[in-house]
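The primary structure of each chain is shown beneath.
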Amino acid sequence: RKEVEQDPGPFNVPEGATVAFNCTYSNSASQSFFWYRQDCRKEPKLLMSVYSSGNEDGRFTAQLNRASQYISLLIRDSKLSDSATYLCVVSIYGGSQGNLIFGKGTKLSVKP
Amino acid sequence: SQTIHQWPATLVQPVGSPLSLECTVEGTSNPNLYWYRQAAGRGLQLLFYSVGIGQISSEVPQNLSASRPQDRQFILSSKKLLLSDSGFYLCAWTPGTGNTEAFFGQGTRLTVV
Chain Y
76 RKEVEQDPGP FNVPEGATVA FNCTYSNSAS QSFFWYRQDC RKEPKLLMSV YSSGNEDGRF
136 TAQLNRASQY ISLLIRDSKL SDSATYLCVV SIYGGSQGNL IFGKGTKLSV KP
Chain R
99 SQTIHQWPAT LVQPVGSPLS LECTVEGTSN PNLYWYRQAA GRGLQLLFYS VGIGQISSEV
159 PQNLSASRPQ DRQFILSSKK LLLSDSGFYL CAWTPGTGNT EAFFGQGTRL TVV
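Sequences listed follow chains Y and R, in order.
Sequential numbering of the first sequence, starting at 76, is according to my numbering.
Sequential numbering of the second sequence, starting at 99, is according to my numbering.
No lab work stands behind these hints, which were simulated from the structure alone.
Beta carbons: idealized from backbone N, C-alpha and C, even for Gly.
Each hint should be verified, as a subset may be incorrect.
[What the hints assert, rightly or not] Facing chain Y, from chain R, some residues (calculated, C-beta under 7 Å):
#1 E124
#2 L142
#3 G150
#4 L188
#5 P193
[Stated by the list, open to error] On the chain Y side, residues computed to face chain R include the following (Cβ under 8 Å):
#6 A92
#7 E131
#8 G178
#9 G180
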């Protein structure tokens with residue numbers, strides 16, 4: 076089983092749509108969780124951290140379910156500029172991969 | 099504030115030639131440093147990470163090597179490039195303690211011809 080799994084997509088949605096991405100992780104010792112955004116041919120950039128109580132930043136809402144080892148990202152009122160690949164990232168302090176494990180990403184394409 | 103510099107941005111190299119990519123971090127000390135590779139349309143593959151000077155962990159066996167000669171400097175090298183080494187190489191850092199976000203350099207797009 077892969078350590079961090081995401082649906083690769085692509086998700087093709089119209090402007091204004093609500094879209095949800097899911098991510099599962101296998102290591103129960105995971106301690107921190109993030110969503111990154113990567114534009115085509117650019118470096119990944121932090122979109123938001125994911126907290127146990129869930130958190131919201133404008134149109135973006137992140138949820139964490141530790142019992143199910145599941146993370147989600149909800150984007151409301153999609154904009155053309157939201158088109159990108161969204162990476163789920165899990166941090167395991169002292170893990171074998173340094174301490175960050177990246178999912179392969181979910182590609183979102185927002186159409187007019 | 100902390101910044102990370104990675105260069106060059108683009109590189110075209112012939113098969114069999116050497117490689118040296120450099121990454122430096124400013125504004126912090128004792129960072130964890132990482133080299134990732136991303137092939138076209140693929141996810142991030144961790145190549146090397148370092149928790150301190152001279153301490154390098156390799157995740158994938160290949161013809162690449164990494165060195166950390168100074169606290170905030172991380173170098174990715176190869177003696178002889180292969181066609182399969184083409185990709186987008188990203189340097190990143192995280193604080194040495196705790197679980198926080200990673201900060202990425204702008205990346206180097208390497209094409210081996």
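Can P193/R be said to touch chain Y, with a Cβ gap under 7 Å? violated, 10 Å
Would the hint on A92/Y stand, with a C-beta cut-off of 8 Å toward chain R? Where the cut-off is 8 Å and the nearest Cβ of chain R is about 24 Å from A92/Y, the hint is violated.
Does E131/Y hold up as a contact with chain R if the rule is Cβ-Cβ below 8 Å? violated, 18 Å
Chain R contact restraint for G180/Y - C-beta distance below 8 Å: Interface hint status for G180/Y: holds (6 Å vs cutoff 8 Å).
Hint status (Cβ of G178/Y to nearest Cβ of chain R, threshold 8 Å): holds, 7 Å
Answer holds if the nearest beta-carbon of chain Y is closer than 7 Å to that of L142/R; otherwise answer violated. holds, 5 Å
Chain Y contact restraint on L188/R - CB to CB distance below 7 Å: holds, 6 Å
Hint check, E124/R versus chain Y [nearest Cβ-Cβ separation less than 7 Å]: violated, 17 Å
Does G150/R pass the interface hint, meaning its C-beta sits closer than 7 Å to a C-beta of chain Y? G150/R check fails; min Cβ-Cβ to chain Y is 12 Å, beyond 7 Å.
The structure does not agree with the numbered hints 1, 3, 5, 6 and 7 stated previously, though it agrees with the rest.
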